[in-house]
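Below are the chains, spelled out letter by letter.
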Amino acid sequence: MLKNYLKIAFRNLFKNKVYSSINIFGLAVSMSVCLLIILFVFDQRSFDQFHEQKEDLYRVIMDYTPSSESSGTWYATSPAELASILEQDYSGIQKATHVRASFGGEAKYSDETILRIDGLYTEPDFLELFEFNLIEGNRETALLNPGSLILKESAARKFFGSEEPLGKSLTVLGDREYTVTGIIKDDARSHFKFDALASFSSIQTEESTPGWTQHISYSYTYVLLNDRIGKADVESQLPAVIQNNFREIDNSSIAGMKLQPLTQINLGRVLSNEIGTVIPGVVIWFLVAFVLIIILIASFNYITLTISRSVKRGKEVGVRKVLGAERASIVKQFITESLLITFIALLGAFFILKLLMPEFNSLYVISQSSTQIETSVETNLSILTVFLGFLAGIYPSLYLSKFKPASVLKGISDTGKSSSGLLRKMVIVFQFSFAIIFIISAIFLYRQFEFMANTNYGFDDEHIVNVALQDVPYERFRQVISMNPSVKEVAASSKIPALGSVSGLWVSSDSIPERIRANSFQVDEHYLDVMNIPIVAGRNFNPQFGSDRFSSVILNRNAVKDLNLESPEEALGALVKVEEASYRVIGVTENFISSSPLQNDDPAIFLNDPDYFYYAVVKTNPGSTGTFLPFLKEQWYDMGSQYSIQYQIFNDQLQANPIVSVFSDFIKILSVITFFTILISCLGLLGMAMNSTESRTKEIALRKVLGASVRDVTLLLTKDYLVLIFIAIAIGGLSAFFLNNLWIKNISNSIDFDPAVFAIGFTGTIFLALSTVSWQAIRAALKNPVESLRSE
Amino acid sequence: MIQLKNIDKYIDKRFQRTFILKGIDLNIEEGEFVTIMGPSGAGKSTLLNILGFLDDASEGEYKFLGEPVHNISEKKKSEYHKSHIGFVFQAYHLLDELTVYENIEMPLLYRKVSGKQRKAMVADILDRFNIVAKKDLFPPQLSGGQQQVVGVARAIIGNPKLILADEPTGNLHSEQSEQIMEMFKKLNDEGVTIIQVTHSDKMAAYGNRIINLKDGALVKEDPYEETE
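Read top to bottom, the protein sequences are chains A and B.
Under the working numbering, the first sequence has 287 at position 287, and the numbering climbs by one with no breaks.
Under the working numbering, the second sequence has 96 at position 96, and the numbering climbs by one with no breaks.
Please keep in mind that the hints were generated in silico from the structure rather than gathered at the bench.
As the structure is a prediction and not an experimental result, all values here were calculated from the model.
Each hint should be verified, as a subset may be incorrect.
As the list claims (entries may be wrong) - Straight line, CA to CA, 27 Å or less: simulated DSSO-like cross-link-like pairs of lysine-lysine: (1) Lys315/A x Lys77/B; (2) Lys185/B x Lys82/B; (3) Lys134/B x Lys3/A.
To be verified - In silico contact screen, one side only, chain B against chain A (beta carbon under 7 Å); selected entries: (4) Ile28; (5) Asn49; (6) Ser78.
Claimed, not checked - The calculated label-pair distances, taken between Cβ atoms and stated as ranges, are: (7) Leu706/A x Lys13/B: 26 to 34 Å; (8) His173/B x Gly707/A: 34 to 42 Å; (9) Ala730/A x His173/B: 57 to 65 Å.
Cβ atoms here follow ideal geometry from the backbone N, Cα and C, with glycine treated the same way.
Chain A with its partners taken away, still in its complex shape (with noise of 0.2 Å):
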């Protein structure tokens, strides 16, 4: 039987070529855009689940809550102590241990190799509790000695090549030497991240300050349970031990802990002091919500298809009947039908996933995380198929199914054809909705974009280079290299602006009520010069007086039009308070970009603590920059540092700058699936416009002969699908409107809330429909009469 019904889908599927390579075509592309995102949550949350004691770990997590704030942020961090402490006192934890990510720089081996490395420091328990596979070293005394390191398998055999890496020496500069004492395979997925483990106590020698035990934005502490008591019971110790042990931490502000089951640290909340790059499970929603559009609009087009030709099939199912067959057998035959046709889809999924995947591989986000996925599984894929067949098939399989021999064998073919007339329209309306909120969305993100990557800073960007000082004092550094004469001028900072991330400081002034957090800049006197940000009133630091150290700060517009300082004019002289110490405004600056593309209206300010010039800004003649860099080179170890040179070319930075690549992330997985909306749609209206054509001829043969012209039987056959793209239109329209005015409305550095870009979308839609339809409609205008007459 079986064999029988697909003998008859094949040669249905070879009869209708047009209709089958629709069908196959979208649900293939629907497929591979699936696929792709089932192999990257199938690798996420592969994350973790090699730890043979995973059920039993967790990570304890903190609600800090500093007191002049009613709400709090949970961080991935928890106190330093707190692993130590869970561990001798509280009897349902078997083992903690205490994490800081803080390990790394560049590591010097036999004055030769200098490479970074990034790492982990751990206690010897760590490889108690997670399994990595340690193929070198004996597991119980790696991490036990100050000066312990076990590095990835990959990063030693960058350091020693096929040397052989164990008893090897490494200096990290500026931290210590430390000898390997073991290799780690580099095959484990875990949301930690790490070239090396260095041993706990290397630090703990070294560290003098005072109350470390108490810090709280360090460390990470994992526990063991035992199995036998569960993570409710635990947690509702967790309140006793802040209450003993951390009261005084920042007058209370830890308002809670809880236990975060391992496995779910990779794809789970967004949480501060992440350990490395972690994707948020919220991103998983986005992917599956876009995944499911597209899977519904491939099947719709399948399922409208496949009814559309009811009448052909119809008597099939008429046939079958009569000679014996039941309801359920003709269920199954359609659903076979539906199978068959995604598992063909699925071998032009597996081709059109192959042209995905290293696109998606490279979009940032993804390459950043470093997982890379990869076309290995096959388990899942039978799911997919069965799952998307089922969907696809089983509307219509039930829709035929119920048809009576007796009336499809006589021919009459409107059986339900009222229903399944609005069904199909409102497929169309509902296709054509996402297809246009996708392309306005698109456009819209598009042209954000553009503009974030064509913004004007409010700053210069041009014939700037950013070099790291590192070790270097910047006097030193500035006094080297002003004597080049391609060097225009040096100045110091302790941030680079635009890049995404800030330093705030709390301010706040006498004439507001809250206090505001400032992005805050240290600068010297040629900082504002160099990158020409001009001073609208007062005057730039200057270090004839020696006061301006402690007790002078510059204002941007926007600090003093939020801290209430009316004018710029009025703010000179003001005292403000920030953090805790009072300074007096000398100058104020016009505004410019601090944090990010995204924002123009944030307050910053301008210090002048030289103790915090981490970065020297050199600003170079116009075209010299190519002769300037190797003299930056060769200077850099006479300047007695132990560091490798580290600088970047502003405009470069600027260019690369994360929230931009995110953003294009963004726009490239949008522009995809816009443009596998639109081309499903436009299959289907395609389908369904063959479809009516063709079941119409005579209705077309008998209006041509009675008088109508091509145009009249044009318009006849355009005008439904037209209205109904109306429909769309302005369901798409609207939702695109409430849609896009959300993000633009918040973000202030934005594009206006163009309409030309509505405009552009629906009569790019109405131009896509409308060519997609008149084409079937005028060749069927065009048709000879009386053979359509005679054929009947």
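Once you've looked at the hints, dock chain B against the given chain A.
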């Protein structure tokens, strides 16, 4: 074999009830070859459909092989279609996507006959109807008469007790028609009950009983009289 008692079939439209069949009483014994005749719209096909469970009567009693069968379940109907009744249509209603062989084989698939037995049965029928050479062709490649031969072959492969034929020769020219009727005659001789609908006296002559239908009711006289 078939007992109809006061069968009505009507369609309700707004405030008007239109009768297609009214008060049909009919007995057909096993082994009969019955011809239903009557002008277009007399209700011949409807009657045939009711007899073959393709349509339900609105009122009345229908006993098939002594069992009351009005308002039986879908499942029971397909049981009867599988094992007791074969249909032959004016428009043949072969499945265009299946070959002659596969078309004939289909009823056996629904009866879950084993592969080996199926092969034997289809081969036998092909042989009997002299269409072995055509077994791998698709229906559109055959002439109307040949298609109807396949249709008959398909109808009888399950050894039905009853064959219902709705104008089986309506689309055929006389020579082909005679061939089909000869087949029916032969089947009838072998004991199969046959009920056919036709307009042609010549075709009716092959049967041994004629039922005249006019405006939904059985009549004694020649139903064509008035229209001619």
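Hint check:
In summary, the hint linking Lys315/A to Lys77/B is supported, as the alpha carbons are separated by about 18 Å, within the 27 Å threshold. Taking the CA atoms of Lys185/B and Lys82/B, the gap is about 23 Å. The hint holds against a cut of 27 Å. The straight-line distance between the Cα atoms of Lys134/B and Lys3/A is roughly 21 Å, inside the 27 Å bound, and the hint therefore holds. With 7 Å as the threshold, the beta carbon of Ile28/B stays out of range of chain A, its nearest partner Cβ sitting at about 20 Å, so the hint is violated.
Among the interface hints, the one on Asn49/B holds; its C-beta lies about 5 Å from the nearest C-beta in chain A, closer than the 7 Å criterion. A distance limit of 7 Å between C-beta atoms decides the matter here; for Ser78/B the minimum to chain A is near 5 Å, and the interface restraint holds. As the Cβ distance of Leu706/A to Lys13/B is approximately 30 Å, the hint placing it in 26 to 34 Å holds. Our hint of 34 to 42 Å for His173/B and Gly707/A holds, since their Cβ atoms are close to 38 Å apart.
Between Ala730/A and His173/B the beta carbon distance is about 59 Å. The supplied range of 57 to 65 Å therefore holds.
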